[in-house]
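**Student:** Sequence:
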Amino acid sequence: MFDAKIRPLIDPPLNAVGRALARIGFTANSITLLGLGFGLGGAYAVSQEHYGWALALVVIGRILDGLDGAVARATKKTAFGGYLDIVCDFIFYVSIPLAFGIADPANSLPALMLVAAFTITGISFLAFAVTAAEQGAETSAHGEKSFFYSTGIAEGGETITFFLIMCLFPMHFAALAYIFAGLCVVTVLQRTVLAWMSFRD
Numbered sequence: 731m732f733d734a735k736i737r738p739l740i741d742p743p744l745n746a747v748g749r750a751l752a753r754i755g756f757t758a759n760s761i762t763l764l765g766l767g768f769g770l771g772g773a774y775a776v777s778q779e780h781y782g783w784a785l786a787l788v789v790i791g792r793i794l795d796g797l798d799g800a801v802a803r804a805t806k807k808t809a810f811g812g813y814l815d816i817v818c819d820f821i822f823y824v825s826i827p828l829a830f831g832i833a834d835p836a837n838s839l840p841a842l843m844l845v846a847a848f849t850i851t852g853i854s855f856l857a858f859a860v861t862a863a864e865q866g867a868e869t870s871a872h873g874e875k876s877f878f879y880s881t882g883i884a885e886g887g888e889t890i891t892f893f894l895i896m897c898l899f900p901m902h903f904a905a906l907a908y909i910f911a912g913l914c915v916v917t918v919l920q921r922t923v924l925a926w927m928s929f930r931d
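For the sequence shown, our numbering assigns the number 931 to the last residue and increments by one with no breaks.
Treat the hints as calculated values from the structure; they're not laboratory data. There may be inaccurate statements among the hints.
Pair ranges (Cβ atoms, derived) [claimed, not checked]:
id : residue 1 : residue 2 : range
1  : Glu864    : Gln778    : 41 to 47 Å
2  : Ile883    : Gly755    : 38 to 44 Å
3  : Glu864    : Thr891    : 28 to 34 Å
4  : Val916    : Trp783    : 27 to 33 Å
5  : Thr808    : Glu864    : 16 to 22 Å
Cβ coordinates follow ideal geometry from the N, Cα and C atoms, glycine included.
Given the sequences, and given the hints that come with them, work out the whole structure.
**Tutor:** Structure below.
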């Protein structure tokens, strides 16, 4: 929901750092994988109930996730890079609720519900992107991307915000997970309506 609005604010500094990283030899794919590594490190910290470490690692991982695109723009964007980025994003997204479920068995059901919500949200996102590509639709609302990014109430920025709140208040994970799962369902409904309006004959 807020991703497109904050792009003009975060893209200039990300692009500047991305150019610097490219000059010293970093590739976009290496930054993507490094970001995933930090994100999974954050998930492991959650599973061990080291929430302070989790918070720091998640933040670093997400900064790197923003930088991979900046490095790609400074060098060369590839289809595989776009594929790798979205796959790593969803691996990270499901790792956090899974980690909360490991940390406390009482979190198992809300964690499962959130993973399921991420799954249907991801499917709707990718299905919209594929259909948009077939129709020749384009958008730059989320910056320069390898494929069409559709909007919704639960996007990357909202997901990370909820993850950070969960790390700050782990005792409220269940309630937060159910709330965000609900927002994911609303996003799927929004995206479905948008697809009906955009792609009907």
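**Student:** Next step is simple, just say for each hint if it's right about the structure.
**Tutor:** Do the hints match the structure? See the list:
1. Between Glu864 and Gln778 the beta carbons are some 45 Å apart, a value that agrees with the proposed interval 41 to 47 Å.
2. Between Ile883 and Gly755 the C-beta distance comes to about 39 Å, which sits within the given range of 38 to 44 Å.
3. Checked against the hint of 28 to 34 Å, the pair Glu864 and Thr891 passes, with Cβ atoms roughly 33 Å apart.
4. Remark: the range hint 27 to 33 Å for Val916 to Trp783 is upheld by a beta-carbon distance near 32 Å.
5. Roughly 21 Å separates the CB atoms of Thr808 and Glu864, a value that falls within the hinted 16 to 22 Å.
Hint violations for this structure: none, all hints satisfied.
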